[in-house]
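Novice: Residue numbers (the working numbering), protein chains in the order written: chain A, 1288 to 1671; chain B, 1288 to 1671.
Keep in mind that the hints were calculated from the coordinates and are not lab data.
A hint or two may mislead.
To be verified - Listed next, the in silico BS3-like pairs over lysine-lysine satisfying Cα-Cα at most 30 Å (straight line): (1) A/Lys1296 x B/Lys1383; (2) B/Lys1296 x B/Lys1425; (3) A/Lys1425 x A/Lys1570; (4) B/Lys1383 x B/Lys1425; (5) B/Lys1453 x B/Lys1328; (6) B/Lys1296 x A/Lys1383; (7) A/Lys1425 x A/Lys1328; (8) B/Lys1296 x B/Lys1383; (9) B/Lys1570 x A/Lys1383; (10) A/Lys1425 x A/Lys1453; (11) A/Lys1296 x A/Lys1383; (12) B/Lys1570 x B/Lys1453; (13) A/Lys1383 x B/Lys1383; (14) A/Lys1296 x B/Lys1296; (15) A/Lys1570 x B/Lys1328; (16) A/Lys1570 x A/Lys1453.
What the hints assert, rightly or not - One-sided excerpt, in silico: chain A residues whose CB lies under 7 Å from chain B: (17) Glu1350; (18) Gly1385; (19) Asp1387; (20) Cys1499; (21) His1527.
Ideal Cβ placement from N, Cα and C applies to all residues, glycine included.
Now for the letters of each chain:
Number of protein chains: 2
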Amino acid sequence: MRITDIREKAVSLADPMSNAGISYLQMTASAVAIDIDAGEKGTITGYGFSSVGRYAQSGLIEERFAPRLRVVEDMTGADGGLDPVRGWAAMMANEKPGGDGDRAGAVGVLDMSLWDAAAKIEGVPLWRLLSERYNEDKAHDRVPVYATGGHYYPDGDLTALTDEIKGYLDQGYETIKIKCGQHGLDDDCARIEAVLALLDNNGARLAVDVNCMCSTSDETQAMADAYAPYGLAWIEEPGHPHDFELLTGLTAYYDGAIATGENLFSMSETYNLMRYGGLRADKDLIQVDPALSYGVVEYANIVRLAEAGDWPRSQMVPHAGHLLAFHTVAGLQLGAHEIAARPDFLLGGLQAGVEISGGAATLPETPGIGFETHEQLWAVLADL
Amino acid sequence: MRITDIREKAVSLADPMSNAGISYLQMTASAVAIDIDAGEKGTITGYGFSSVGRYAQSGLIEERFAPRLRVVEDMTGADGGLDPVRGWAAMMANEKPGGDGDRAGAVGVLDMSLWDAAAKIEGVPLWRLLSERYNEDKAHDRVPVYATGGHYYPDGDLTALTDEIKGYLDQGYETIKIKCGQHGLDDDCARIEAVLALLDNNGARLAVDVNCMCSTSDETQAMADAYAPYGLAWIEEPGHPHDFELLTGLTAYYDGAIATGENLFSMSETYNLMRYGGLRADKDLIQVDPALSYGVVEYANIVRLAEAGDWPRSQMVPHAGHLLAFHTVAGLQLGAHEIAARPDFLLGGLQAGVEISGGAATLPETPGIGFETHEQLWAVLADL
């Protein structure tokens, strides 16, 4: 099997929403298609789409990574199927170690396309292929999910926030994550209390993402003091992703769960988070995003690394609500899948035919990742 | 003062050389020119050129960072001069923290161009502007330098290696760095001994770069055992840049100096190296490369960080031998400047008029960085 063509385009994700760190007015993502000559099965096209928050990677894909993929002579693996590991090794040749940033997203979206093609060639949904290759054929029966929303908007207020969250509860979600941290702790608490009122005042159903707002231990402790009475499901991304001292101080001070890792992009960065971050494997969550972190090949190694360090798979909860993460959570039996729940968001929701109820999703049976059955994404991928 | 135009092109650095980690057959770099409307002084053009090892950043520059720079309304600083910090803040707006990789090189080469323009507007060489803005007007009188070479070549042998090193000694260098690690410790020792014979068998005049060849503590210890008898100036980049445990184990085992940091690209990554790497501030060297690490704005903060952590400036020795690093070493009084000493290498040597003798270089007086007086680099920059 060979790659016969690779196409990429940048797609706008422009949106008036913001979090405590960035605006999304200029946000972009890469849409990718890779054609595979699959012998008797003809040409199979695999698709990829960047996860949100780190921009399109058109330049890196065209300058470095697509050219290296195009010259791989044989993409066939030992079992006769398409083997994305071969593509991964070719893409990372002559790349120095360290510097896991934009290139991790460029490689990630190409790796994703190869996995989509590999699953289509096998005629199975990706979660099943991942289950076969990395999880002894085991998979979730139903995938635990939670809804993310509650961003800041220019004209947003508490009524708009609670209206948004009511909509998610109507869709069948049980656990909700909202943004905090943009306007101080009093405002945060007002947001939290407004949403908790919709959740039977059960803090275990609400997570809060502060997008790195804290720079000092005084700030993390003030935040912890303010949020502790609510008994939240978790506090997400308290400080700079490399600030392991800040994180260690917070986990020593705050008894509730902390989630982080969405701004780390490799196995070596994840290892250091586990080694130096003061996290507790029985409650904290690691949110490395496979789509932004060199794709499934690296992420499968990250899951192995976690298990070798006594981190159960239940604590691995990928960032951002990407369809790739959905299959990864399902096929590798990870903790939960995040869903960007706003229906008009390009990466929002899941593919058609997946049903959400009681805080869990059914498994799709469409071969591959299923971009073709995700209305908004397919609208931008179809013309590739 | 405003930016009126930004131009970039990718330049090939293709070369048959290799190190223990990568080949340079496909290596590229970005060449940049930024025009500044400097009022009565007319239009001043600042130039930049990527450091080696991390490829051109045409895509990231065109997609994200040049557009953000182009819309900065006023680049004037508090002292009336061009202030690259304003550019830096604009470039990093709406970038999430972490992920310091390719974007650090894209921002770095643009920041470099702004510093070149800023110094030209002041009519001073960059080292003097850096001395004024960041070092209380102090600077090196002469800049300690060392020559780097001794890469692997397809038809290389010990005779070619020693011929190459003899050429560097003839140019006035005292300390030499060579590559090791590609063909095992016996071959390494043969290379080391062949070069030491040219250096009065004085190990303090020879450094060895193994480009991350060690993955286990057995490997670092075997390397340390093999190299220890030579009393080398330092061993560089022993393992993966994020592997602080490996590094800590090596510094506990080996009494000689270790150099690392060229594959870390930010203040937060440098902090963690200092915090967790087991390095010894009285002997080890930190080689973060300003051109690849968001430029001078970030690097000046890294130097402050080092001093706050009791790391003397003598231990800061930037990677790769870039003209920007030369000015930074000179103006901030850092430990030494690396020079890629092969005369035909595009980034090799220093600008015309700088004299090297006794292991130190004189200071240039050309305004700016001096690309215009570096024959090979100007040949590729002039048409921008």
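Novice: Against each hint, give a clear statement of whether it holds in the structure.
Specialist: Status of the hints after comparison with the structure:
no.: 1; hint: A/Lys1296 x B/Lys1383; verdict: 22 Å, holds
no.: 2; hint: B/Lys1296 x B/Lys1425; verdict: 35 Å, violated
no.: 3; hint: A/Lys1425 x A/Lys1570; verdict: 24 Å, holds
no.: 4; hint: B/Lys1383 x B/Lys1425; verdict: 35 Å, violated
no.: 5; hint: B/Lys1453 x B/Lys1328; verdict: 46 Å, violated
no.: 6; hint: B/Lys1296 x A/Lys1383; verdict: 22 Å, holds
no.: 7; hint: A/Lys1425 x A/Lys1328; verdict: 27 Å, holds
no.: 8; hint: B/Lys1296 x B/Lys1383; verdict: 26 Å, holds
no.: 9; hint: B/Lys1570 x A/Lys1383; verdict: 25 Å, holds
no.: 10; hint: A/Lys1425 x A/Lys1453; verdict: 34 Å, violated
no.: 11; hint: A/Lys1296 x A/Lys1383; verdict: 26 Å, holds
no.: 12; hint: B/Lys1570 x B/Lys1453; verdict: 28 Å, holds
no.: 13; hint: A/Lys1383 x B/Lys1383; verdict: 23 Å, holds
no.: 14; hint: A/Lys1296 x B/Lys1296; verdict: 21 Å, holds
no.: 15; hint: A/Lys1570 x B/Lys1328; verdict: 61 Å, violated
no.: 16; hint: A/Lys1570 x A/Lys1453; verdict: 28 Å, holds
no.: 17; hint: Glu1350; verdict: 6 Å, holds
no.: 18; hint: Gly1385; verdict: 3 Å, holds
no.: 19; hint: Asp1387; verdict: 6 Å, holds
no.: 20; hint: Cys1499; verdict: 6 Å, holds
no.: 21; hint: His1527; verdict: 5 Å, holds
Of the numbered hints stated above, those contradicted by the structure are hints 2, 4, 5, 10, 15, listed in ascending order.
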